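Take the given structure of chain H and dock chain D to it, following the hints.
Listed in order, the protein sequences are those of chains H and D.
If you read the first sequence in my numbering, its first letter stands for residue 1, the second for the next number, and so on.
If you read the second sequence in my numbering, its first letter stands for residue 208, the second for the next number, and so on.
If you're looking for bench data, these hints aren't it; they were derived computationally from the structure.
Just the calculated beta-carbon pair ranges, DEER-fashion:
1) Asn278/D <-> Val85/H: 21 to 31 Å
2) Glu111/H <-> Lys325/D: 39 to 49 Å
3) Gln226/D <-> Val15/H: 21 to 31 Å
4) Glu318/D <-> Arg114/H: 45 to 55 Å
5) Ala306/D <-> Lys70/H: 23 to 33 Å
6) Arg268/D <-> Gly24/H: 32 to 42 Å
7) Leu130/H <-> Ser229/D: 19 to 29 Å
8) Lys70/H <-> Gly335/D: 21 to 31 Å
9) Glu318/D <-> Glu111/H: 40 to 50 Å
10) Glu250/D <-> Pro104/H: 37 to 47 Å
11) Glu36/H <-> Leu308/D: 29 to 39 Å
Just so it is clear, the structure is predicted and the values come from calculations on it, not from any experiment.
Heads up, the beta-carbon is just placed ideally off N, CA and C, and yes, glycines get one too.
2 protein chains.
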Amino acid sequence: MKAIIQRVTKASVAVGGDQINSVGRGLCVLLGISSEDTEKDAEYMVSKILNLRLFEDESGRAWSKSVMDKNFEVLCVSQFTLHCVLKGNKPDFHLAMPAELAQPFYDSILERMRSVYKPELIKDGKFGALMQVHIQNDGPVTIEFASPSGPTDPKMLAKQEKQQLRRDKCCPKGPQEPSREGGARRHQQASTTSSSAEGDEESEKAF
Amino acid sequence: MKAIIQRVTKASVAVGGDQINSVGRGLCVLLGISSEDTEKDAEYMVSKILNLRLFEDESGRAWSKSVMDKNFEVLCVSQFTLHCVLKGNKPDFHLAMPAELAQPFYDSILERMRSVYKPELIKDGKFGALMQVHIQNDGPVTIEFASPSGPTDPKMLAKQEKQQLRRDKCCPKGPQEPSREGGARRHQQASTTSSSAEGDEESEKAF
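Extracted from the complex, chain H is given alone in its bound form:
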């Protein structure tokens, strides 16, 4: 699952010239579901979207508060084109989950978001419709990320870790390429570790 998260001053979505939804300050999320996504990906993504610290605190300090901290809104729009593979310069979208499966899954993600936060502050587009999405990107601030891929079951991860150790013994002088499993582990840690990184100078860059 991939998300493009834009911090917005306001955003709205129109179908056939009629505005169907709008938000004030908050986030506009373009959400792309792949064929391999599961509930785990949905859980991760909803948690990240709602807890990402993209807003200032009361003293003007950047990257301090989440959309939930600020009581801001979220406009979420399904976007299968994020699972694009280029064939030369022509986009191909066979990795995206087919619409008949993606629609109920997408609806369940919205429900999850509403249950974690406040239902009235989560707005939607119209799945499958040709939309005009008006986004006033504030900064701009745009974050793109993907949910962790691969198995996240702890027993499975322990097994993979042992396999990795055996491979390292077999090829002790081989270059240390990050494995897919290692990546999944790191992702999982990142999603469950609460941050204590405060006042990071690297984060205070200008736009």
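Chain D alone, transformed into the frame defined by chain H:
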């Protein structure tokens, strides 16, 4: 280098309440430069942005024409936040190229875009300023991609290929994890192979 490419009906950018640039139909590109990016990445990215087939042809066939084919415009805005690493829920941007290096590099990318296409059809934000970027995403259609990472020198790639063969001989039964070098090679091929994929049904999904 990362880019978020949104197909737009129109887009504009304002600084301090004053609109400084605007485009009609075309693309809004949010461009993130990392510390490791080189001219090769810039070359790849400019080529992809200008040649990506995100527009219909005259008969209404989707994914057929590029922004250049249609004589449409491009609004390009620098966006360091795309090189975000999450520390828990706090974004960290130490992978982004520092502003004093990124600004001349970014300007050179714009110049390259103007020289490949038409200078008057490439618009810009204001590097380093706090901007409001108004994006009317048409579809929506949003593509995210990164330029190939790692060395792209043919001699270097041949050397790496030999090293990979030696590793495979050393560990013939090991799982086939994609290596960084392999990824770079595949990317490079994708960027230089002209597409002959026409009328792909997978590409005709609804929004």
